[in-house]
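From first to last, the protein sequence lines are chains D and A. The letter at position 18 of the first sequence is residue 18 when you use this note's numbering, and the numbering goes up by one with no holes. The letter at position 371 of the second sequence is residue 1371 when you use this note's numbering, and the numbering goes up by one with no holes.
Source of the hints: derived by calculation from the structure; they are not laboratory data. Ideal Cβ positions, reconstructed from N, Cα and C, are used throughout, including at glycine. Heads up, some of the hints might be wrong.
Distance condition first, Cα-Cα at most 27 Å in a straight line; then the derived DSSO-like pairs of lysine-lysine [unchecked claim]:
1. A:1426 - D:481
2. D:418 - A:1208
3. A:1208 - D:361
4. D:313 - A:1382
5. D:404 - A:1426
6. D:298 - A:1426
7. A:1382 - D:361
8. D:463 - D:527
9. D:481 - A:1386
10. A:1382 - D:321
11. D:513 - A:1245
12. A:1426 - D:411
13. D:361 - A:1386
14. A:1208 - D:313
15. D:481 - A:1241
16. D:481 - A:1376
17. D:321 - D:151
18. A:1245 - D:481
19. A:1208 - D:404
20. A:1264 - D:414
21. D:321 - A:1386
In silico contact screen, one side only, chain D against chain A (beta carbon under 8 Å); selected entries [unchecked claim]:
22. 394
23. 402
24. 406
25. 463
26. 485
Where chain D lies over chain A, by a calculated footprint (3+ residues, C-beta under 8 Å) [said to hold, decoys possible]:
27. 1037-1043
28. 1148-1156
29. 1247-1254
30. 1372-1386
31. 1443-1450
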Amino acid sequence: MVAPVRKRLTSFFILVLSLFFFSSLVHAEILDQLARDFSSISGYVVKKCDGQFIIDLDTSDGIIQGDIFSVVSSGEKLVHPVTGEIIGSLKQVKGILKVVRVKTGFSFTRPLLGENEIHAGDSIQRYEDITAVFWDYTEDGRNFFHRLQNKVPSLKWTGYDQAQQFRPQKPGPVPETGTAIVFILAGDTLNVRGPEFMLLHTYKLSEIPATDTTTSRFTSMPESSPTKISPSFHEERPSASDMPLEPKWDRTAGSAEPAEPVFAGVNFVEKLSGPPSVMADFISYDNELLLATTDGYKIDVFNIKNGMVPVAKGDTEIRGKILWLSWWQPEPSRKPFLAVVNWVDNSPSGTLFELHNDTLKPLGDRISMFIGAFDIDGDGSPETLLGQRYDPEEFFGHRIRELKWTGGEFKDQKPPVKLPRRFTVSGSLIGDLTGDGVPESAFIRDNILYIYSGKEALYKSSKEMGGTLSTLLYEVNPGTKDPMTNSIAIEIPPIRTDLVGNNIPELIAVASKRSALSYTGIDPGIKKAWLTVLKYENGQFTEGTLGDEIKSPIQGLEVYGGQVLMLTSKTGSVLSQGGSSRLIALPLKHGGR
Amino acid sequence: MRKLGFILMAVCVIGFAAPAISAEFQFHGDLNHRFMLHTNHAEWFAGPGETTRNETVNGELRGGRLDDSDVDDQWAEVKYRLWFEAATDDGAVKGVVATEIGSLDFGRSARLDYSGDDIVFEFRWGYVDFQVPGIDHSSRLRIGLQPISVNPYLWQENVAGVNWFGSSGILDYQLAWFRGHDNGIDWDDDDDDAHEDVDAFLGRLNYKPDDNLDAGFFVLFQNNDGGDDMEGEDHTIYPRKYEVKFLNDVKFDLLTVGIDGSYKINNFFFNYDLMYQDGEMEGRFRDNRVDIVDDFDVQAWFGHLDAGINFGNHKLTYTFWYASGDDDPDDGDFDAFITTDTDVFDSIIFFEGGYTDDDYYTEKPYILDKGMIFNKLALDSKITDKLTVGAAVLYLMTAEDMEYTDNNGRDQDDDELGWEIDAYFKYMLYSNLEFSVNAGYLFSGDAMDYFEEDCDGSDDEDIFASTARIRYSF
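This is chain A alone, in the form it adopts within the complex:
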C-alpha cells in the first residue's frame, strides 16, 4: 500500500510541477469495476491454464469443461490503470508510463478480502516516442513496452520493442522489431546462443487515397530459435493454448502475410482482413487423442468481413470470419490459424465480450486448434447522447470437427457450437463515467458435448452469463 501511495504522490508532484517546466503533461486513469452478475457455468469462464481441472473432462485433456449440473456464481472485481505522459511543447518527444492494479476479485483471499491491502502491480506501458529528426512528415520512433496493433485478429496487445511508423501523404508505413520473450542464457550450456529468443519483425504499408478507402499490406515474421534448447522446459503445444505467446518453449518460424482495411460507400461500410500463415513448429503436441513430437509444417489462413449499414443513429452489421483449423495433428501438418496475442470481443460466451475481461473462455478468434466459422448479425442503436443499446444473434461452428469418444465409448465428431444471443446497454452516468450491462445465452450445439462431463454425443448444457461494469476514465 505504501508503494501505491508513493507512486501516486510522485505522479502528483510531477503533475503539479509540469506547468513550471513548460512541458505538456497529462495524467490519465481507467478505473474499472466489473461484475459477473450471474452465470450458470462459472467453470467455463476460467481462462486458459487456470486449473488442470478445468482443462480436463473425465480424466481426458479437452481444454475446457462443462459440469453436469449448473455451477452458479457471481463475483466482482476491480482493475485500475493509471498512466502519465510527459511531452515537449511541440510534441516531438513523448514519454509514457502506465501501471495496472488488478484485477482483484472482491473478497478474494490475500487480494481484496478483509482490510484489502494486497499489492498487485503490473507495468503496463513504458515507452519513449519521438519524431525522427530530419524528416518533415510525421515519422516517429517508439521504444519500450507499448500497445501495438498488427491486426486485431492476429496481434493486438502490449509488447516491448522498437517501432518506427510514419505517414507521408496517402501512404503510412511501419517497420518494427518486437521481442515477445527473452529465453535468457543457460549458463550451464557452453553451446548456448544468447541470441536465441522469441522475436518478431513487422513491415506494413497502408494506402489511404481518400476518406472512404483504407488498404493495408503487412508481413510479420516471428521466430523462436532457442525454445527447445532449454533443459527442463515444457515444449508442449496445447490446443487450449494454441497461441504464439504460449510457445516460448517451442522452436518455430512463422510468416504471416496479410491485407486488411475498410471501404465506405454512402451509408454502407465494409471491414476486411485476409491472412495466410506459413512456417514450422518443432515440439510436442498433446490433446485428447494424440501425444506426439514432430516438426510440424504450418499452413493456415484467416478471412474476415464486416458488412454493415448506418441508418440514422443505428448500425446493422453482419460479421463473418473463417479461421482454418487442424483436422489431424498426427499428419505432421498444422493447418490451424494461430494468433500471437489478441483480444476478441464478439461473443460473451466464447470470447471476451463479457465485461469481466479476465474471465473468459478464450481471447482468440477460434476454439482450440479447430478454427472457427463465425457468423454474427448485430444491431447497435444510440438512443440518446448518453444511452446506447444493442443486440446480436450469433451462429458459431468450428472449422474442423471436434473429434472425441463419448462416455458410452462411441466416436463422435461435430462442428456446431450453437446459437448465441447477446444484448447490452451502455449509459453514461456522467461524461466519463460509464455504466454497462450485457448478457449472453448460448443454445449449445452438439460440438459443445466435447466439453461436457455428461459427454453423450448431444448437447446438454446451455450457458448463460450476464456482466456489468462501472468504469471511470479520465
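Isolated chain D, as found in the complex:
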C-alpha cells in the first residue's frame, strides 16, 4: 500500500511543481511584456496647439495612442554630505499628458494635469513617476504585485494593502485614483486603466503558455478582441485612422479606392537592444518566426513569435563589414541556413551559417560571390540560392548562378529563371507578380524599382525607392596609387503578398526621401520612409502606398499573421555611433499571406 501512495504523492508533487513552474513562465512572459509596454521613453514638448500639446515622439520611438507622459522639471539638487558633489536632482512632475494622436515625427497629447505649467521645451517621460495602484480581486495576487512593481519601477506604486483598502467593490472610477494608472487583476485577466479610467492594455494570464504557438501575437484576430499581449485601444478608436492598414492606390493610375492609411494602430513595438540594425530578414520555420538582424558587424537571431526571444548571436568570424543576410531553406523540412555576405579585401565573401545551439556556425568554405535566397515558387519558403559575381566597374556583376550546397561545398548551375542584365541579388525578389504563374524579377537599383519578365522590362519606378543604412564605400581599382572609390546601397528586398484578398499578390517595397547628402555617398541621408505597393491589373502595374510615412529608415520587411512587420532603425550622426532599432507590427485589413 505504501508504494502506490508514495507514487501518487510524487506524481501530485510533480504536477504541483509543474503547474507552479508553468505559471511562473506565463507570469514572467506577461511581466516582460508589461515592462516593455510601460518602459520609459523620453522626449520634449514641441508646442501648444488648440489646447493640446505636440510632442516630438512617434511610432518609431515606440509610443502608442493612450500612452501617458509626465512633464518633469528639475527640482532640488542633491548634494553629497561628505564629498560635496552633486549626485543628482529631484525631478518634479508638473503635468501629465495623454497621447491622443500619433503622426509621423510627432504626436498630439491632451493635458490631464497642470496644463498651465506645461511649456514648449519641457522634458517628458513616459510613465515616469505616475502614481500606480494595484486592485487585486483574486485576493491572491500579492506576489504578482511585487514582481510587477520590480518590473515597472518607473511608476510610483501605492502599497498593496493600501490599494486594497480603497479598492471599490466592482472595478470603476473612484476619486482616489485621480490620474493614477490602475492595474486590475480579476480572474485570469489583468486590465490596465489610465487616467479617466480609460482602458490601456489587457492581459490574459491563462492563455499564453510559452509553448502554445496557436495564441501567439501573430494570430489574426478581430480588432475588437484585444489579445493578452497586444495593446488594446478599442475605447479610443473611433476614427478611421486607427483601422487596420489597407493599400491606398494612386488615383491617377486608374484604380481608386483610397483608404485612410495610418500607422497609429500598431499591434506592438519591440525595441532591439544594441546598435541599430542595418539589415534584417524574417523566416517562418517550424511554427516559429525567426528574425536575423545585423548592425554590419555582428548578427543576432530572435524568435519573435512570442516576444523578442534571442535564439543565437555571433560574429561571422570574418573581419569585414556584413553587407546583407538572407534566410535560405533549400528543403521545407530542413532548418534554414543564414546566407551572409561580408565585404573583405575589396571583394564579397559569401558564407552559409547554421543555427547551432545559441551560436551561428559557418559551413565549409566561403564563396567570393554575393549570395541571396529567393522564394521563386511562392510557397513562403526561400528555396533558391543565387550567387552573383563582383564586378569592380558596376559592383553587381552580370554573371549569376544558382548555388547548391552539396558535400560541404557550393556547386553552381544555371539559374532557374532568366534574369535581366542589371539584376542584383540584393534588394530583389523573384516570383509571380502578374498572376500568370510565371515568375517575374523585381529589384531596386540606384533608387529605382524595376520589374522584368525575363529580359523584358515591365515596370520602372520613379527615383524614390529603397532607402537603406547598409551602404559601402569600395575601391574600384584597389592596389593603385590613388584608388577610385564608389558607394553602393544594399537595399531591403521587396516582398510579395496578397493584400486585397484577390489571390493575386501585390508587391510591397520600401521607398524613402533622402537629403542632398545622400547623393554624395557620404551618408544615406534618409529623411523619411514609407511603403510603396504595386498591383498588376489590366496589363500594367498600379502604384499605391501602404500606411503613413515614418521618419526612420526601414531595414527589414515582412508580412506575417495578418500584419506588416517593419524593422526601423535610427542612427546617430554621420561620425558618431549610437541609435536603435524597433520592430513594429501593423495590422492589415485583409490579412496578407
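Given the coordinates of chain D, assemble chain A onto it according to the supplied hints.
Then chain A, alone, in the frame of chain D:
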C-alpha cells in the same frame, strides 16, 4: 583659391540639382594627409629627376645617392582628390571628372607656407563611359583620361585613350588605344609627320570559368615613331628613368605579350604574371660607364608569383618576382624589362610602400636597368574590424650586377641590395577615416655601395623610414 571655390561651388550646385534631373549623381573625395615621421636618408626618397645632385655620386651619374652621413628629415604633405560622376538612371551612360590638389608639402615655399594660397591643380580623370548600343551583355566604351590596368607590373595608371571592354559569360575582352604622348607638329619641318606620336594598342582576353580560376592573356604594342625627329630634344635613355613614360623623345617599338591571373584552392591562393618583351629603341643611352647612341634590340621578361594562405583573419603571403636586367648596354641589346607607368608598393625603402607616395626611390619593380630578384614574406592580420596589422621580411637583389669603380679605383660588381623589414598598422578611426603608420628598415647589401658617397666596395648606410597618413575617403 577663387578657382577652387568656383569648382567646389559648381560641384555642389550640380550635386544638389541632381535629384531634380533624375540622374544618378555621386560626389567623392580622397583627402589624404601624409607624414614622413622620420628618415635617416631623405636624399634617397627624392623621386627620379628630382635634382641632378641626387642622381650623381662623386660626379658620376648613378641614378641615386646616399650621403656619407645621415640626412635626417621629417615632413608632411596633403593630397586631395575630388571627383564627381553623373550617370543615367540605368547606368548606360556615365561621365566622370576628377581633380587633384597637391601634393603640397607643409611649409613649402609658394605652396603651403604662411597663409597657404597656392593653386596646384591636376586634371586627374575625365571620361565618358557608355554601354555599347545593341549589345545585350555588358560592353562599354570609355573615352578620355581614365585609370587603366594593363598589368600591375607593367602599366597601371591614368592615360588618355579609347577603351572598349566587356564581359560575355565566362570571357572578358578588351581592346584599347591609348596615347601616352603627342609629339605635336614641328611647323619648321616640312617633312614632319603629325601622326608620329607615342601610341599603345592593347588586346586582352580574360577567362574566368569559375570563382577560383582567373586567367588572362594580353598583347600590348607601343611605339613612338617620331621621338628622334624633334630637334633640340634629349633622346637619352637614363637608367633611373628606364620607363616608357620617359621615352617621349626616343624612337621605339615595343611588344609585350603576357599572361596573368589567379587561382584559389581551399585556403590557398596564387597570383601570377608572366611577360615577354620584344622590340627596339633608337636613342642615346647614358649611365655611369657608357654614353652611346645605337639601335638597341629589346628582349626582356618578367615573372611574378604570389603564393599564400588565409587562416582565420590572417594572411601569409610569399611574393617573388624576377625582372630581367641588362648586363652590358654596350652590346647593342637591352635585356632589361621596362614598365610603362606603374606603382609598386611592396617595399617601403625602394618602392612606394611609404604613405608619402610622391617621395620614393622608384615606382618600378626593378632598380635602374639592372632588373630585380624580389623575395618577400608577409603576414597580415585583421585584429578587429577596425585594426589591421602586418609585417614583412624582404630580400632584394638586382638581376644583373651593379658594376662600378669605387672611390679607391677598384672595379666592383655586386647584386645584393639587402634585407628589409617592414611593418604597419592601419586603424579605422571612423568608418571612412583611416589612420595608418608604417616603418621600414633596410640592412643594406653590398650593391647599395653603388649609391654611396663613401663608395668603397662595401655597404655602409642602412636606410630607415617611417611614414603615416590620415585619410578620409567618401
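Here's how the hints hold up against the structure:
no.	hint	verdict
1	A:1426 - D:481	holds, 17 Å
2	D:418 - A:1208	holds, 21 Å
3	A:1208 - D:361	violated, 30 Å
4	D:313 - A:1382	holds, 21 Å
5	D:404 - A:1426	violated, 37 Å
6	D:298 - A:1426	holds, 21 Å
7	A:1382 - D:361	holds, 20 Å
8	D:463 - D:527	holds, 15 Å
9	D:481 - A:1386	holds, 22 Å
10	A:1382 - D:321	holds, 12 Å
11	D:513 - A:1245	violated, 48 Å
12	A:1426 - D:411	violated, 36 Å
13	D:361 - A:1386	holds, 23 Å
14	A:1208 - D:313	violated, 36 Å
15	D:481 - A:1241	holds, 19 Å
16	D:481 - A:1376	holds, 20 Å
17	D:321 - D:151	violated, 37 Å
18	A:1245 - D:481	holds, 16 Å
19	A:1208 - D:404	holds, 20 Å
20	A:1264 - D:414	holds, 22 Å
21	D:321 - A:1386	holds, 10 Å
22	394	holds, 7 Å
23	402	violated, 14 Å
24	406	violated, 15 Å
25	463	holds, 5 Å
26	485	holds, 5 Å
27	1037-1043	violated (count 0)
28	1148-1156	holds (count 3)
29	1247-1254	violated (count 0)
30	1372-1386	holds (count 4)
31	1443-1450	violated (count 0)
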